[in-house]
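Protein chains in written order, with the numbering used here: chain A, -10 to 182; chain B, -10 to 182.
Misleading hints may appear alongside valid ones.
Which copy? The list can't say, so a pair holds if one copy fits it or any two copies do.
Each computed DSSO-like pair below joins lysine-lysine, with the alpha-carbon atoms no more than 27 Å apart [to be verified]:
#	residue 1	residue 2
1	K113	K80
2	K43	K20
3	K20	K113
4	K43	K1
5	K113	K43
6	K174	K113
7	K1	K174
8	K43	K(-1)
9	K20	K174
10	K174	K80
11	K20	K1
Hints are computed from structural coordinates only; laboratory data are not their basis.
Below are the chains, spelled out letter by letter.
2 protein chains.
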Amino acid sequence: MPMSRSRFEKFKQVLRQRQHDMTVVTDQVHKAQNISAMIRTADAVGIPEVHMVKPVRGHLVYHNTAGGSGRFVSTRVHPDIQTALDTVRGKGMRLLAAAWSDNAVSYRDMDYTQPFALVMGAEKYGLSETAMEAADAHLTIPMIGMVESYNVSVAAAIILQEAMHQRMRSGHYDLPDPTDAASRKQLFRWAQP
Amino acid sequence: MPMSRSRFEKFKQVLRQRQHDMTVVTDQVHKAQNISAMIRTADAVGIPEVHMVKPVRGHLVYHNTAGGSGRFVSTRVHPDIQTALDTVRGKGMRLLAAAWSDNAVSYRDMDYTQPFALVMGAEKYGLSETAMEAADAHLTIPMIGMVESYNVSVAAAIILQEAMHQRMRSGHYDLPDPTDAASRKQLFRWAQP
Ligand SMILES: C[S@@+](CC[C@H](N)C(=O)[O-])C[C@H]1O[C@@H](n2cnc3c(N)ncnc32)[C@H](O)[C@@H]1O
Ligand SMILES: C[S@@+](CC[C@H](N)C(=O)[O-])C[C@H]1O[C@@H](n2cnc3c(N)ncnc32)[C@H](O)[C@@H]1O
Chain A
-10 MPMSRSRFEK FKQVLRQRQH DMTVVTDQVH KAQNISAMIR TADAVGIPEV
40 HMVKPVRGHL VYHNTAGGSG RFVSTRVHPD IQTALDTVRG KGMRLLAAAW
90 SDNAVSYRDM DYTQPFALVM GAEKYGLSET AMEAADAHLT IPMIGMVESY
140 NVSVAAAIIL QEAMHQRMRS GHYDLPDPTD AASRKQLFRW AQP
Chain B
-10 MPMSRSRFEK FKQVLRQRQH DMTVVTDQVH KAQNISAMIR TADAVGIPEV
40 HMVKPVRGHL VYHNTAGGSG RFVSTRVHPD IQTALDTVRG KGMRLLAAAW
90 SDNAVSYRDM DYTQPFALVM GAEKYGLSET AMEAADAHLT IPMIGMVESY
140 NVSVAAAIIL QEAMHQRMRS GHYDLPDPTD AASRKQLFRW AQP
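Let the sequences and hints guide you as you build the complete structure.
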């Protein structure tokens, strides 16, 4: 069955709005459903690639159950957090760690129109010391209940939705069709049955 | 071990900030991790009670894995959506359904300082016709990727976080200590070891 024109147009539209200066790094997050939900959210806000660090205890149980989004968001697994952070820093991204600390700022007070990598901590242990120290800023989401944290995929989505909101307002998603070789290659890959 | 003073103060503070005119209704959502994450989010934004409708197919697999929040958020299971909606309407809440439709509004354009119940659809089938039609408004969260929806607990959190933001700004969380009998009873229950 040949691909419909409208699906092809959708691919082009989605590729056009991908934000190459925005990513997520997961610091030993290990539950499949959390990883899947984060990849699905990444797709929804236009993140083309997600970086994951393998848990030291247990293993990364990630299957492609992200509502099919696994096909549309690339994933890179790193052996340790330092390598992951070096990689995204190398692309000019600031490191924004979702974490509580004395100098944390409320997530709505951050400017997400600049390049950034959102670093998320593990379900049980939170962020590593390495990530806490390397971060350019710590972001917190207010909570007024008894429980001390949000589910990690929920926390990531709240912050990324704010980032998307800011980028919509500033016109980041209204860009011309991508004409570079990488985008054409991606379009070709997605269009494969 | 007697309960520490600071924990008791925390209970009082949390109870004081509970928003009795704000709730969530789940319309046949059935996955345990989604229900748990929503209860945890409810606790975080100050929702005292969540309403759930049993799935017709399959069953509600909810165990208390919501990071302990199950103890601090009451849950009510209803036999069908009509009963659930009647219940929250009876408490004077508007019905806000998270759903796409021709007259949906973007979730940030809604006023959440008024009493409301946020109605969330099932993982696979979305919202029932009954809920769609009964709703006073349909809310959508923008998405610009290939996937058609967010995970349900992620979608709920994004909307509830906006509600919390608006209510913080308008002083809804700065209320005097609760002195009514119901609050005293709740405080007593929580304080039990
Ligand atoms: C379940 S939490 C980790 C809880 C862990 N016990 C701790 O103390 O860090 C998983 C991750 O979600 C993010 N997170 C959860 N709630 C958050 C909040 N209110 N503000 C900022 N980040 C949050 C953080 O990245 C955290 O490391
Ligand atoms: C996984 S979605 C359901 C998808 C289902 N296939 C459908 O077409 O409705 C589960 C629920 O999350 C909520 N939801 C998910 N993404 C949303 C969005 N972008 N805007 C509003 N609600 C959303 C809706 O309540 C939806 O019924």
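*Is the C-alpha distance from K43 to K(-1) at most 27 Å within one copy, between copies, in both cases, or in neither?*
neither (33 Å within a copy, 36 Å between copies)
*Within, between, both or neither, where K20 and K113 count as close if Cα-Cα is 27 Å or less*: both (11 Å within a copy, 21 Å between copies)
*Which holds for K174 with K80 at a C-alpha limit of 27 Å: within a copy, between copies, both or neither?*
within (21 Å within a copy, 55 Å between copies)
*Can you give me the call for K20 and K1, within, between, both or neither, at a CA distance of at most 27 Å?*
neither (32 Å within a copy, 34 Å between copies)
*K1 and K174: within-copy, between-copy, both or neither at 27 Å Cα*: within (12 Å within a copy, 58 Å between copies)
*From the Cα coordinates, with 27 Å as the cut-off, is the pair K43 and K1 best called within, between, both, or neither?*
neither (32 Å within a copy, 40 Å between copies)
_Identical-chain pair category, K174 with K113, by Cα at 27 Å_ = neither (39 Å within a copy, 32 Å between copies)
*Can you give me the call for K43 and K20, within, between, both or neither, at a CA distance of at most 27 Å?*
Classified as both; 11 Å inside a copy, 26 Å across copies.
*From the Cα coordinates, with 27 Å as the cut-off, is the pair K113 and K43 best called within, between, both, or neither?*
Within one copy only: 14 Å inside, 30 Å across.
*Up to 27 Å between alpha-carbons, please classify K113 paired with K80: within, between, both or neither.*
neither (29 Å within a copy, 38 Å between copies)
*With identical chains treated as interchangeable, where does the CA-CA distance between K20 and K174 reach 27 Å or less: within a copy, between copies, both, or neither?*
neither (32 Å within a copy, 37 Å between copies)
Hint compliance for this structure: hints 1, 4, 6, 8, 9, 11 are broken, all remaining hints hold.
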